[in-house]
Amino acid sequence: MDIKKAVKDTRERQVQLWKELILDYCRTHKIFLIPLEEDFLLFTNPLIQRSLNHEAKEVFLSALVSEGRAEWIDKGHKKCLILWLRIQDWADCILSFVKDNGLEDSVMTVEEIRTGIESRGTELHGMDHNVLMRALKLLENKGKAAIFKGTSADDEGVKFSV
Amino acid sequence: MGNLFVKKAKITDVDKAILSLKTQRRKLAQYQHQLEAVIEAEKQAAKDLIREKRKDRALIALKKKKSQEELLKQVDAWLINVEQQAGNNAIKAIQGEINMDDVQKLMDDTEEARSYQDEINAILGEKLSAEDEEDVLAEFENLETELTLQDLPKVPAQSEPKDEELVLPDVPTKTPVVSEVVVEGAEDAKRISAQRKVMEEPLPA
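The listed protein sequences correspond, in order, to chains A and B. Residues 984 to 1145, numbered by the working numbering, are exactly what the first sequence covers, in order. Residues 364 to 568, numbered by the working numbering, are exactly what the second sequence covers, in order.
Mixed in with the good hints, there may be bad ones.
[To be verified] In silico contact screen, one side only, chain B against chain A (beta carbon under 7 Å); selected entries:
no., residue
1, ALA372
2, ASP378
3, LYS379
4, ARG414
Calculated directly from the structure, the hints in this document are not laboratory data. Ideal Cβ positions, reconstructed from N, Cα and C, are used throughout, including at glycine.
All chains, full assembly: derive it from the sequences and hints.
Here it is, written out as structure tokens:
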């Protein structure tokens, strides 16, 4: 077996394992943003006093970005948005939530979806506001929801029509 | 082009009113949390000031706490009002009419609450009602007593006196025998021989 191929296979396996680890960790702890220039628990092991260097972090996160499971927030690649569910999956998750709670033709505030009593114990609870808005806009484009503003600027509502 | 024929959900005035009420409810709930935090902080401040023997400042902190509690009661009442209106909206929606004045009034009330809060902060130097004053003083005394009891030194645990050690003889290993005694007098001789006889007799089976 060619030594270069063996090294390449090992490298690919390593990247794959890290991608899975990042997604699982973020999903478990409901983390949406990973800062590259700050300490992040997953990339540091104080027991053996080792941590991933900046280059390695960027390699693993870029691999997630190329698969549509993450997005760079800025051009400098200092912050990365982790999509442990793709936007389409989030949209499906919202629809299931609406059906399960009998919220068809109901008005909800955007905040209510991510911090309300009904969403407790679901994937939606505590989710990132921007990710939620993108998922809702996707539903709006499909005619499953209508996003609208109330009387004051911070009134943001959505009416579902599943 | 795919989105050209997508039918969007129609947003009515009722929907907008419901959204306003829900937003109002969220803001009031946040306000509640803020007030609760302030109340707790004032109580802690009062405790610290009592410890430092600064009664006047402690009373001011307790007055602040009292006024915040009054405001919290009012916010609770507003929240109930919002809940009732939100419930009524369902019926009003069916009837196809909603009194937007009610919604507007509720929103004005919240603005009023904000200004009322500022007003309270300004008035704090002035006196509360006589009843409130009594409550504040009673709470002050309770806190003072509580802290005095907390600060008392602990009673030292007395070590129990040890029992005096008794020096006892060893357990005998031999059969007891009456020692030889020089007997004077016939009566004594008889008594001793009788004792010896008893001791030498075998026990009945």
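Against the structure, the hints:
| no. | hint | verdict |
| --- | --- | --- |
| 1 | ALA372 | 4 Å, holds |
| 2 | ASP378 | 5 Å, holds |
| 3 | LYS379 | 6 Å, holds |
| 4 | ARG414 | 39 Å, violated |
This entry does not satisfy hint 4, going by the numbered hints stated previously; all others are met.
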